[in-house]
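Colleague: Residues per chain, in single letters:
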Amino acid sequence: MANPETKGRPDGAVPSIELRGISKSFGPVQANKDITLRVMPGTIHGIIGENGAGKSTLMSILYGFYKADAGEIIINRKPTTIPDSQAAIAAGIGMVFQHFKLVENFSVLENVILGAEDGGLLRPSLAKARKLLGELSKEYELNVDPDALIEDIGVGMQQRVEILKALYRHADILILDEPTGVLTPSEADHLFRILNGLKDEGKTIILITHKLREIMDITDTVSVMRRGEMTATVKTSETSPEQLAELMVGRKVLLRVEKRPAQPGAKVLEVENLRVIDEKKVERLKGVSFNVQAGEILGIAGVSGNGQSELLEVLGGYQSATGTVRVNGQDIDLTGRFSDGQSRRARGIAHVPEDRQREGLIMDFTAWENTAFGYHNDPKYSKGLLMDNDALRRDTEEKMQRFDVRPPNCWQPAKSFSGGNQQKIVLAREIERNPDLLLIGQPTRGVDIGAIEFIHQQIVALRDQGKAIVLVSVELEEILSLSDRIIVMFDGQIMGERLPDQTNEQELGLLMAGMKGQAA
Amino acid sequence: MDAMPKWAEVILIPLISLILAFFLSGLVILAIGENPIRALQIMISGALGSTYGWGYTLYYATNFIFTGLAVAVAFQARLFNIGGEGQAALGGLGVALICLYIPFPHWTMALPAAILGAAIFGAFWAMIPGYLQARLGVHVVITTIMFNFIGASILNYLLVDILRPPTSMNPATARFPDATNLPSLHDVLSVVGIPFSRAAPANISFFIAILACIVIWVLIWHTRLGYQIRAFGQSESAAKYAGISPEKIIMVTMLISGGLAGMMAINNVMGEAERLVQNAVEGAGFIGIAVALMGRSHPIGVFLAAILFGFLYQGGAELSLETSIPSDLIVVIQALVILFTGALDDMVRAPLKSMFLMFRKPEATPKAPKPAE
Amino acid sequence: MDIFITILQILDSTLRLATPLLLACLAGLFSERAGIFDIGLEGKMLAAAFMSAAIAFVTGSAWIGLAAGIGASLVFSLIHGLASITFRGNQLISGVALNMLALGLTVLIAQGWFSQAGRTPTLIGDARFTSLTLPFAETLSVIPILGPIYKELISGHSILVYIAFLMVPVTWWVLYRTRFGLRLRAVGENPAAVDTAGISVIWLRYAAVMICGVLCGIAGTYLSTSIQAGFTDNMTANRGYIALAALIFAKWRPWYALGACLLFGFFFAIDNRFQNISLYAWLAIALLILIAALLFFAARKSRLDMFVLGTLGTISAAIAILIWTTNGLAGSVVIPGQLMQSLPYVLTVVILAGFVGKATPPKAGGEPYIKER
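Protein chains in written order, with the numbering used here: chain V, 1 to 520; chain W, 1001 to 1373; chain S, 2001 to 2373.
Honestly, the hints are just simulated from the structure, not real lab data. One or more hints might be untrue.
Said to hold, decoys possible - Taking lysine-lysine and the DSS-like style, the derived pairs with C-alpha atoms no more than 27 Å apart in a straight line are: (1) S/K2371 with V/K281; (2) S/K2251 with V/K280; (3) V/K281 with W/K1006; (4) S/K2301 with W/K1240.
It should be emphasised that the depicted structure is a prediction, and the values quoted were computed from it without experimental measurement.
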């Protein structure tokens, strides 16, 4: 055991961390309301909840990013205040954030010692850390190379560096925020093995996630958060996914999308031998070929970062590539002046991008200005040399009504809408164009469950009108329930094609991990 | 969180920043042993107390409207063009060449040609930094600074060695022909019967400047190009998604910006000096930064801020005549305005925001979206 | 032998001219490596140049002057820190404002204190840093080649020059061999990593900005108490901006910074030494035609390239033809001093255009750190 301060395993009656009545509000919004939680040492505790339920705020309070308005934090029987991260570390709390906090051009070793150096000079600290790292690495099967640069190693490995950082600082309580979002199922299994090992050492692990499967697989106890409140805490063995989902949302949820079988028509999109090499000279797409027919949804599954984003960017016109892409039988340019978003739109391609905040919307523009985004050259919105803002606003109001955007005020800036309503603004803009081909990336990322249903219905309805749809999502559930055909991408290549009713998450998971042989 | 009403954001914050800048400048005046209140009185009476003072105030303001618009347009695309100084100097060269070498029968013909020449030369001087930014990602801040120096050297050379008439010792061009001289504000206003100082340099360019404000307002908020410029300025990644070419927008914006800065020359070179002299721009390019920041990059704001700085400039000139305070005081005020409106914005905003929140609390409507995710 | 002496003299003045650049460049390196862009190097140097000269004059001690210069520079650093760290303002705008503030304030205060047209009185005796003669300079000077190099080039500079060059290995050591350096580099790349490791981002960045202030203070002091004997209006003469360009050229690394600053120092030394350079006309024409050809060749890629590079190539060819028709091939062309002065700036732009594509600034540079939830 690496931590000399742990005096054996404390008896089960004393929780290693206890929260009493934690509240926190931002202006009029109450993010955490009277949260009470007890977690025993040597257990894995899950916290599950929708986006915006207040999970992250709670964790930020525990790690000293925010100060709670009221409430107590008790760690190993000791009331503790956590004014900053330093205090959190001193209290034995280690945090693995969803977005890793690593310095990309530093080595693993440098990242681990950053902030926990032994003295003013680096050399002795590095030597000591190297030794300790070797021991820890062996003990928990972490397999990291201390001299590798962060930018050169994969996300799974980066995550293990984050865990190492916490262990190096003698953390007894490890909090992981959405740790599997960027991992393949097999990497996730590796992570869970590590977590189980830590649990056996007597560490306390808190796992924050919105994935029900993980909760059921690995946790001992689970708490559900909804609208800033802790609505229930139960033993995992005594609950079911359905019950948890209901607790999360507050009503029964439709987990499957109702749809008729597809009636595919003519080929709308044909992609042959598509290759992309990025600015760092890394090959992102390695010869991808597929096609999509009218009236079908092609789902593209894969862990993020395996070429799906580049594929969407190429089809959307803002990433140059080599190969052939035909839309309705006609070649489109993949490089040069006529390869941009404007000419793609002219060819009947609409695109709901993966990251609506960075690409799909201008967050400071009003809803009506965003409605023209990408279609600002449309004659419908112009009046001679000028833009016809009145027509644009009328059009926006109409769309907002049809897509049930709330509040239906076209003067509000995009940033003041919730995630779901932002997505509806983008969808309305793209779908109402009546495109032949719709590209849609992560349609429900950061979207509340109510809006998910609506968005899924819209996608299926568009398919039923005979449009071709390319759907990219990292959520396997979404891919399985929406697609008519599924292709799986790994490392810039297509690993295989499956039909949704003849496959399952396990098989797709193996393909996503690049294991073709086993999956066949 | 939109805690503050729009008017506070647009009017109150610049105003408070200005008052802070004035207050600190007052302390500086006090520190060098002069009376700040008296200084302010001298400035006001010198700049606004007579049509002569107004004539100078509006003359300076005209310069600042052009350079302010230049910076403001670039700001819309999130480009920081601090090369207004060099671009305006080159604009002067354009005006001089056109006025000296093309025989115009009347100023009404000379003016459009001069505007075009000024804009083309100014735009040319912004083109290379724009190109380096668009193509190679060399930050325009550094290159435009360098181009200010290069522009000054070239003008220096041309005025001393090439354009100077052989009989003159002054590094300046010959006087422009009379037919190219623009009517002064005195001439214009006497048509409608308003008496105005004959000696003041304000001229018809002032109206061109107002026109430029209107054109820029239409361009930015009512045309497709303006839409694309603003979209690019807000988010480059989104612009790419929408098929807005960053290269094109950077180039076009820099050309417009340089052209506007260059157009300043119709006021100071063609309208006032009636020949091209050394260092004709006199720092107006840099004041454009203060004007654009203070005017919140909006043409109306730029117009008002330019008038304010015109007042400061004329007042400062009077001040250096009547007291021992050098006109460098204006540079200090201008620097403080830029500092407070551009960089220490949050220092002014945060307390104001909490004040507005305090007054609002009783009727708090939880309308704002959840900030926490 | 004559050429040898000339070369030695040029190299000697290269060292002198590179010193302020090097100090300012290392100052910028500390600041920018911590994620705070600083185009206010110029202003800090200017403030230090004034304050050190003023205090050195009053006390008669160059060392007290140095302390005062550093103090003045630190005040400016503090304001920049306040704007860009505490109030999360725009770092570029803050830098521009501080440069202007220094420009105005130094003249204003100089006028208030000394009433000598914005200058300080001339410094004499111990109020200046005089040159040190290193041991055995005379004795060794008889040794051929190495002797004169030791005597003329290595020996005979003020202590500040030696401090500047010593700062290069010191900076390298601090940055790459100490805990502070590790944290400093980390905070410029990913402040969130530093924050979650329990280290204060704010404190680190302030520390970096303050170190920047100290180094700029030494640079400014060197200008007014060592190279020259007193402060004159705007005496930094854009060295702060050149230092910034050198920093980019050096890719934010200490040893490269030394090379870049020596290179720029060399440009200035050449520029000082040769006021007018005359070239064989055929050589000048050939060079211009070559440049034009290269530009035309590089312009093939896109329409934008064709437009911009084509314009520049045409201008260059036009000048060549102009020289040909006026001078003929046999004569010689004089490159006038005014144009020579802009050479360092032209070369800066050329160097940035040619090399910056490969230089990546610290990732978090220019962005204020806002804690994420």
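Colleague: Holds or violated: are the alpha carbons of S/K2371 and V/K281 at most 27 Å from each other?
Modeller: 33 Å, violated
Colleague: Does W/K1006 lie within 27 Å of V/K281 when you go C-alpha to C-alpha?
Modeller: Not satisfied, since the Cα-Cα distance of roughly 47 Å exceeds 27 Å.
Colleague: Below or equal to 27 Å on CA atoms is what counts here, so check S/K2251 against V/K280.
Modeller: Status holds; Cα separation ~18 Å.
Colleague: Given the hint that S/K2301 pairs with W/K1240, does the C-alpha gap stay at or below 27 Å?
Modeller: Holds, because 20 Å separates the two Cα atoms, which is no more than 27 Å.
Comparing the model with each earlier hint shows violations of hints 1 and 3; every other hint is respected.
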